[in-house]
Every structure is written in structure tokens, then in C-alpha cells.
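Colleague: As a plain string of letters, each chain reads:
4 protein chains.
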Amino acid sequence: MSGNTFGEIFRVTTFGESHGAALGCIIDGCPAGIKADEEFLQHEMDRRKPGTKGAAVTARNESDKAEILSGVFEGKTTGTPIAVLIRNSNQHSSDYNNICDKFRPGHADYTYFMKYGIRDYRGGGRSSGRETCARVAAGAFAKMLLKEQGISICAYTKEAAGIKCSKTDESQIEKNLMRAPDSDAAAIMQKRIEELKKEGDSAGGIIECVIRGVPAGLGEPVFDKIDAVLAHAMLSIGAVKGIEFGAGFDAAELTGSENNDSMKKDAVFASNNAGGILGGISRGDEIIFRVAVKPVPSIYREQKTVDTSMSECSIKIEGRHDVCLCPRIIPVVEAMAAIAVADLSLRNRSSKSE
Amino acid sequence: MSGNTFGEIFRVTTFGESHGAALGCIIDGCPAGIKADEEFLQHEMDRRKPGTKGAAVTARNESDKAEILSGVFEGKTTGTPIAVLIRNSNQHSSDYNNICDKFRPGHADYTYFMKYGIRDYRGGGRSSGRETCARVAAGAFAKMLLKEQGISICAYTKEAAGIKCSKTDESQIEKNLMRAPDSDAAAIMQKRIEELKKEGDSAGGIIECVIRGVPAGLGEPVFDKIDAVLAHAMLSIGAVKGIEFGAGFDAAELTGSENNDSMKKDAVFASNNAGGILGGISRGDEIIFRVAVKPVPSIYREQKTVDTSMSECSIKIEGRHDVCLCPRIIPVVEAMAAIAVADLSLRNRSSKSE
Amino acid sequence: MSGNTFGEIFRVTTFGESHGAALGCIIDGCPAGIKADEEFLQHEMDRRKPGTKGAAVTARNESDKAEILSGVFEGKTTGTPIAVLIRNSNQHSSDYNNICDKFRPGHADYTYFMKYGIRDYRGGGRSSGRETCARVAAGAFAKMLLKEQGISICAYTKEAAGIKCSKTDESQIEKNLMRAPDSDAAAIMQKRIEELKKEGDSAGGIIECVIRGVPAGLGEPVFDKIDAVLAHAMLSIGAVKGIEFGAGFDAAELTGSENNDSMKKDAVFASNNAGGILGGISRGDEIIFRVAVKPVPSIYREQKTVDTSMSECSIKIEGRHDVCLCPRIIPVVEAMAAIAVADLSLRNRSSKSE
Amino acid sequence: MSGNTFGEIFRVTTFGESHGAALGCIIDGCPAGIKADEEFLQHEMDRRKPGTKGAAVTARNESDKAEILSGVFEGKTTGTPIAVLIRNSNQHSSDYNNICDKFRPGHADYTYFMKYGIRDYRGGGRSSGRETCARVAAGAFAKMLLKEQGISICAYTKEAAGIKCSKTDESQIEKNLMRAPDSDAAAIMQKRIEELKKEGDSAGGIIECVIRGVPAGLGEPVFDKIDAVLAHAMLSIGAVKGIEFGAGFDAAELTGSENNDSMKKDAVFASNNAGGILGGISRGDEIIFRVAVKPVPSIYREQKTVDTSMSECSIKIEGRHDVCLCPRIIPVVEAMAAIAVADLSLRNRSSKSE
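Protein chains in written order, with the working numbering: chain A, 231 to 584; chain B, 231 to 584; chain C, 231 to 584; chain D, 231 to 584.
Pairs count within a copy or across copies, as identical chains cannot be separated in the list.
Each computed DSS-like pair below joins lysine-lysine, with the alpha-carbon atoms no more than 27 Å apart:
hint	residue 1	residue 2
1	Lys534	Lys494
2	Lys546	Lys279
3	Lys377	Lys582
4	Lys279	Lys306
5	Lys405	Lys427
6	Lys534	Lys495
7	Lys546	Lys495
8	Lys295	Lys265
9	Lys421	Lys546
10	Lys494	Lys546
Keep in mind the hints are simulated off the structure, nothing from the lab.
Turn these sequences into a full structure, and let the hints steer you where they fit.
Modeller: Here you go:
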């Protein structure tokens, strides 16, 4: 109800603030008997973790060690709630002291203050991107469940800082710091981001996500269509400002005869303008969508804003911040997609008489 | 759970198939004491209703009379469930006889068959766009609730059949058949749609929606951000393939210094790239989003598809179908936006200690 | 949320007031492919319907014809929402004119007024026992689903007007007007109720319910234990003031060695003090519980109460009212039990890895 | 969905097994600005904690230190999820080694095995009464919320081991080890329990709970009546086998004229057979209910049972176990009542137009 839970059967609830004691999640509704791969869990945490390897990402050194507190026994899920704890460490709350009564532009500072009447100035508190580490932990379990069903999820940077990929070679994704399927384009992105960093500015981009192995039939008409649930999942990521499936916004300019995907023998689709979804239900081929990621709002230039008395002032943000979120948001996109699909796959177990 | 309910406190559940006895909805959670305007309800139904006035819309003549069965007493809501019934009439199920074992391209025929093991061939059954009339009825009550809070919603055709509006004059919206805020552009759209109709083809478009009067503070972190809930609502409309807020996909190419909306005295925002939302919470100015509407899949050309035995065949669709959904989908976009915002406004009543 | 929905996967939402246009329900989440037996549906409605056969029940003549509006096609459920409509008729709203500003003792008149600020004086409005006809319609579908799983439900009057049954012969239940499994006791109950009727008074009783065929494993730890969900279901019936499972309140006086049910070969339980439930999960034998039914509050004696200005006054109720609810509440107890068990049986489909 | 969450707006999710790393809860939906009293939280934990003071309670020495991980800032709730962690310690898993393939009578061992296909033999795992410490933590926050509304909850042992209290002096409750409002009766209970302990047996009892200060209007018709929600809450406690409100099962033997509570000037009720609830909605006076607590199933006598191969065997339980749960279950009854009422009080914020 308060919005910290996602999913109906495979339900994920997250908690924690960027500068509190800990973050974490409870995954309720994961069936018993799923192999619980702790190494994979930590691997997923590490993929999201801030590092020092590229200019795009923050120089903070968070350890993000995930501890499983419950729901796993002798290497398998037990059907009871899986709680995962991630202790905070290395917080520099002092970075925020000089701006504690000012609202950072592009952040949720003002809106949280208006909603709750409280100013948790320590790096965004609950609205911080740091909250997504709990999602990645939950997503790791969703991926373990999906793996047993032969479903896999792959997201990558399609565009960043205005530079577009000109090919999609998934084998290159983890080989460049931008997580782009085109290492040449990635190099140019990287260069542009270095420049923006020097200018105290930041960049946005576009992430594409492909979900493979989803059987036909997932998605619940009429409100919980698989695209509706994925859109909900993606727009719940702070920096995401849009989503499109298949041909997406381009479909608006196509005619029906161009846009319709015809079918061939054995229900093979001849094209995929629909993004693998018809009437909100998966049709058995690849589900494809793209999300728009806004430029990081924490820039090092002086900006105009107001303080808690609603008086004008200027603000200068300090601390360590990403220049472009794309590489680090990819594990979050995958995690949320995994949670959404895992949930719909369990919901689908009730579609037919046994 | 099965996906026919939307909302947490202001909860709407719809029922009904395109060629069954009736459609309708239950609106549960509407507070007591709201003025129940039956005339307005019917007016909203009529806005969505198929008519004969423009080439864009179907020639079917559905009456779509909404009957309130419960929840209203002496002109006011009572706090108990409001049920609205819309009897079906004028169904031409026979239009579908010759395609009853074939899957129409671009429709949900195949996916419903795979999900439920049942082939309700009568015009899409539950997946038909006709289901949205129940949403419009529910949306009318949401609008009545929002009206008391000074919140209004306005959607219009921003682009159709590849023709873009070059101005946004809301006073022109209901003066042209495309419901475009630019009557000149509307005339060109109309002409292009006539041509497509002759060619047995169809068109898509883009709808823009503006929500005014929303106070700062609506939206529930972290998963039920106002943009996440609106995205869920919009993607639950069959023909919608994408959504973007504020600068949307264009934000991906902006820098942080360009994209951040700075604040002025009294918390006035100097620009609105964010679409009126920060951290998933309304900031008190206009909420703006756009949705991509795919071209109508029911076209009059021969198409390749498969039948229920998964063998290839060709299909030729008959009956009466819209050429471009934009004008008729506008009341649905508004209805879903109204339901989403009404729900979040009630959810926000619990944000603070009283 | 507003409380008019019961169930998580097999979800029932009811609507309607005692003197409004209609009552009804939406059953969402019923799997596709269940045989939809319309005759059985009407039979269940008729079991709850007020009749003239016994002194215990009201002399009103309601037809309670159930119309299926959606969700059924060619004799089977389709997986989409099943809506059932029951038009009101034969309402004597005028019976309530002279008490329209007075709160009837033992009824919800005062509490609804305090909650909603509205006085719907027409026979209780939403709080009327008439609302339960919508539950019986939904329960009929739940029973159809359970029948395919070999689960059956049987409730009967265990005690009424202070008279207890001294045997449990289920074959006698539908052979006497009290629906008691002991026709001799039923005759005495009936006589006592006739006397109370002459005195303008009313009686309560105890209903016992047995659920057979439930496999081991139903119920969701820790909050949605099968007994917790059944208790929720039963206490949601207006006249029910208590529930106990198995040995129930008597267990409070037993020792552990007396109360524990030991197990024999092939997991057969040697006794059933637990009511067929351990740790909130069904153990595969009979589930047994009893509910306390309060005496009908509508009596024909003058009573002390207050009016809407909170001033003291006396009230004399007119119209036609049951003297003892037991016989008519039995189909409602069965319906709610069926809905609860149907829901938990679908929820259990996600307990294990497939 | 999986049943580990209770509440709709004030939502509590618990996690953890008796012999895992930790237990805990997330409280989502607590409004911002509530005073977060950590001392009171620990005090509540200590009230439930096993101790050595009385024969009724186990001799285990669990520290049950509650750590707040999130949702509290500068002494107040922030409106974000409150996570509380309770590390397990002092577990004697070895106590269970010799019975690891046998199902303990009266416990959930068999039913969990049937549901999940997994045997977590370490003291009941998730089904252990130890899980209730997480509920008490959540209940402490519910009580903090209710305190600001002037609502208080008091539960006590009404009967134990067959001994009934003959007076209700709340000042005596915390002065005797049975938490009975009659210290003389408590002494007799205590003596009887000592005897049962020597005999290797155990005892049950009845808890009564009084909720004061609830305004008229709480409870959501029709399914989420306040008594239905409280019944759900109470029956979700493992050892509880029944509940009754006000006159309860005795009401079954009263006539309407005896049972109806008449009203006096200013809406004062002359009696309270209804337990403070009419039509499922609080009427503004005391809410009173009683729950039946079964005797502790862990007794030290040899019992007949089956093992995981469903073969007959005998079992002898070791370790430290309570003889009568009443004193320790009281904080759990209060916690669950507090959570239920807190939730309904927030839900009631949407009952009327503002």
C-alpha cells in the first residue's frame, strides 16, 4: 500500500535509507525447492556496486555484502520469506551538511519534504539510488526462479550521452565500462562522459532489455498486462522517464499493415514490432523494451533552488556521484524485469483448471 | 490478482466481454459524500462511444447507457461499492464466424488461446477495446472525486497518421474529430486517415495528457511512484506501446545542467523537463506525459496468420473498425489517469501523523 | 481495501444495498475450464432465499434470480471475471419510513452513520443481511471449482434457541426447516421459535461446518493460516459473534496429552481435536469449526435507542423479519467457507518449484 | 499473498525461522511524524521473551534485542518502511537431532512437510512460536501510533489450566506470573501448572482482550469488519483455536430482547453484549473479545506419531518448553490487536469526502 512492495505472488518489499544502518529486502512467495545460489547473489550485488573502473561511475567504495537471514535451508529455498540484509558503510553524511536545508534540483528532496513533512537530508534518504541494491538482491532470487524455467534477461546501454550503438553484439556488453553491445560506440560514449565530467555536467541514455524464454501466456488481463507490469517496474526506478515496447513510439507513425506481425507455421512470428506481447500477454518470442534514463541530477555546477523556507538560494553539490547512470542501472533494470516476470509466471499457475 | 482490478484504495474492477450480455465495473473505496453526477457519467460514456461523425472512428452504433446499480443514495456516494452496468447491444457476432478458428494478427486471439486454452472468437471477447467503456464509467467517478480537490485532466491527439500538431490550443480539442489541439493539423490528419481507409489500412498516433491541480506529495515511494502507477495504467490500455514523462526519451540526450528544473521563490519550477514529478512524487505543477498508440490491427487487407491447429492460412477481417484509435482512446487515457490519481490522493491521506 | 473484496487469487467483490436497484458480485481469478452449472447456482440462491415454509424464516418473497453477465462461454468458465447480477424486487422501503431517523438496536445503523456521515435508512442498506445473497452466488462458483478437486462443504444447525442436537445425521439436514442433523431436536427448536415469535422476540444458535476432501498443505503461513482465513470469512457474516476449530474453547481446559492428536501409519490422525489443521495448514482430514450466531436484532418489542440528534427515544420495528437466522445463514457459511478454501487451494499452487 | 504480510495500509511483513540467523519485520505504511520510542519497543520485546521467573514459561534465555534498521530519523518515523532485526542466539538445534525425521504431535511439522516438501526440523522453523517476537516488534510501533489517537489495548489471562479468574482487576495483571487480573486465581493456576510440569504435561487457557479509546466508525464493510480482521489476526497465532466477541457463544442462547444493547442519550450503550461492534464497525465503547489457547503441544511424555516415511513410531520431546502459553502469548495478542486496529484506523481516513 505504501508502495514499498512489488509483486502479487512473488512479492518483494524493500527497506532502508542511503545513510541509515542497513538496506534490505524480503522476498515472500518464492516457491520451495529453488536452488539458492549465494555466489550468484553476491555477483549480482557486485555488478550494481559503485566502482572505480570507469569515469561513468562513482568513486565510492561500497562493499554491498548481502547476508541471507532466512528462507534458505540446506541450499534451497524453503517457501518461507527470504530476507536479505545489506549493511551500510562508508557513508559520508558530512557531504550533505552544507545543503541540509536546501532542495537539490532534479532530486526528490522537495517532494519528500512536502509529502512527509520531514527533511532527511543525508543523500536522499529513502529516495536515493542506493535503495536499488535491495532490488538487485531480490532480483537475484527472481533470476534463480526464472532460470529453472529457462527464462533469461539481458539489458545493455543502447545509447548514452547522445552516442548510439550501431550494432548489438551481446558478447561485448561486459567487456566495456558502458555495458554497451558495441565496444566502439562504448569508447566514444566514454570519451564524451569524461568531457562532461570535467565540465561538471552529466549525461543520460537509453537502456534496451531483452527477455528470452518466456512461454506464451504470461500477463494478466486487463490491468496487469505484462507490458503494464513491466512499465510499472521500470518507471519505479528513479532515473527512468519513459518506456517503449517493440516498435514503441515509432509504431505511432506506422500503418497497420506495416506494424502487424504476421504469423507462420507453428505460431512463429515473422517480425516483432509488438515487442513479444499481444493484448498484454506474452506470445512466446522475445520480449523487448527500452527505457529512457535521465542525466544524473547531481552536477557540480552552481544551480538555483529554494530552501525549506521556500526562499531562493544557490546550491553547489559535493561528494562523489556518477556522471551517467546507464552502466549501473542495467542490473536494476534486469532485477525489476526478473521480479515482474517471476511474479507473472507464478500468477499464471492459476489460469487454467488443473 | 487476476488483473481485473486497478487501484489500492480507490479500486476499480471491470468485467465483461465484447459480445457477452453486459460490461461494467465496481468502484470500491470511493469516499462517502461525493456528488454523483449521472449526467456527467453518461457524457463521458458518450465521448468514448463509437459514432459516425468522423472517418477515424467506427460506424457501429452502440448505445452504452450506464446504469448505476449501487453506492449512490440521494445524489451522493455512500462509501459503499458503486456498480455500473452497461448492457451490450448491436453485436454482430456473425462478423466473426468465418475467422473463428484463425488468430487475427496484432490481436490477443493467439495469446488468450495459449493462456486459457479457450477460443472466444466473438470480437476479442475480454481483450476487446470495448472493455474500456467500463473504465470510462469508473473514470467518471474518479473525475468527480478529483473535481472536489481541484484536479483536472486533459488529453488530446498530439500526432496521428504521421501528422504532428504544431500548436496546443486546448479550446480546439473538442472542435475537431481528431480531438487535436490544432484544428489545422487535425484536418490534415483526417485527410490522411480517409486515404488509409480507402487502402484498407490504419494509423497510429501519440496522445498527450496534462493533469492540473495535483498538490505536491502524491505518489508512494518506492515502487508506486506516481509515474510508475500512471505507466501501469496507460500500458494497461491495449493499443498503447509506450509512455514518456516530461522530456521523456529526449532527456536521454540532454545533460544534467540542461535537464534539471531549477526552483524559484515559493517553490515555483522554472521549467518542466521532469513532467511535474520528482522521485516519483508530484511536485505541485503540471504532470505531463505522452503515450504511443499503435495503428489499429484490424485492417481490411489479406494477412498471413495461423489457425488453432497452428497451420498457416490467410485471413481477411470484416465488420466495422476504427482506422485510428486516437480520438476514442482519449477518454480512456483520461479515465485511467483519473483513477490512478484518485487512488494516490486517497493513499496520501496516510502519509503523515494527524 | 474498502473491504468489499475477499480472497487473494479467487477474489470475490460484492456490491449492492438491500433496497437499491440490484446486488451482485464479481468473481475474479476463477481458472478457465471449470464447468459452470447455472442450475446449481440458482439452487444455491434458492437455499438462502427467504421463504414461507418455517416460522424461523421471514415471509418475504424475494425471487433472487441470478443472471451471469460475463466470464462463462459455452458452459465453461473462461478465466475472465464472472459477474452475477441479482435484481432487487419486492422491497418495502415504506416499512422503514417511521424509523428513518432512529438507530435500530443491534443493527449497524448507528455505526454506518458515524463512519460515513450518511443515513441510508432503507432496511440497513449495505449492512443488510440481504448482501449475503451475492456471497452465495460467488460461493456457488467456488463450490464448482472445489467439486473438481473432490472437496465438499456441509454446514448445519448444531443448536438453536437453546436447544442442542443430540446426534449428527447429515441425511436429516434438508428434511427439517431448521437444517439440523437431528430432526427430533429440530422439532423442539421449531416449537420454541414459534413461542418466541408470539412474544415478539428472537433466537440465536450455533452452526457447525465440516469441510471434506481438503488435501494436506492448504493455508499460508504465517498470517493466512487456513483457520485465520476461515475465521475472517465467518466473522464477516453480520450475525456471527464467535468461531472455534476442533475442540475450540474446550481445548483451553484440556492438557497437552489429552489435546494432541497422535498419528498412525500412513499419516492417519487418531483424533481430531485440532479441527483438521496444524500450524494453520490443513492436514488432510476433516476441517471442523463452529460459529456462534446471535439472535436476530429486529424484534417486535418496543426498545430504547437514540435518533440522529443523539436524543433518547423508543423504537418499534415493523416489517417481516426472521426469528432465528440459523437455517438461512447456513448457505452463507458454506459459501464463505468455499470461497476461502478455493482461494487457498489456488494460492497453494505456488508453494513448490514445478 | 504467501501469507507473511498482515494489514492493508499499516502493513507488517515478518521473516525468520526459530533456528536461522535472525527474525524480523518490516512495518510499511506507518505515517511520518510518530514518536519512535525505542525503549518501549525493547520493553515490549522483553514482555514476550522467555524467562525464568515462572513455571509457566520456558527456561530459555533469549536476549531478543530489537535493532531498528530504517524508517526512523531523529526520533520520529519518516513514513518509509521501518525494519526491525532480532538476531537469533542461544539456539539448541541439537535438541532436535534425534527427532529430525519424526513429526511432533500437535505441531506443524507434518503439514509443512506436505506443503513445501521440505523438513526443517530445527524447532519448527518458520512455524515456531518464536516467529511471534517479530510481531511484537511490529505491534510496538502500532501501539505508538494508537497512543497518539488515545487508543490502548490490554490483554490478560482469564482462565488457565482450568482455573478461572473471579475478578478483573487490571492493576494486578503484571503483578503475577500468569498475567491474570486476579492474583488469587493466578496463584492457584501457578500451582496447577507446577503439577502438570511434573507430570510432563501442559495446559491451555483463555485470554481476554479489551481495546479502549477506539472511536466509532472503524472497520470496513462488508468483508473487513473489525471483528473479522481481529479474528483473522488472532487465529493467525499458532496456539489460538477460537475467538468470541462480547457475549460470544453465550449469545447463541440469549433472545434478541436480552442480547440487544439499547442506547441512551449521547449514544451511550446501556450494555455491551456486542463487544463494542455493530455491523462490523466499532461503536465507540470498549471492544472486548476472548481467545481460546490450546495446551502446549510439546510435552515430555512418549507420544505416538509417524516419521517422514509415514511409518508409525514413538517420539519423546526434549529441550525447554513452556507449560502454559497464556502469559507469553498476551503480548502477541496485544500486538496483533494493535496492528489490526492501527490498520483499520488508517483505512478509515478514506471513508468520507474531505
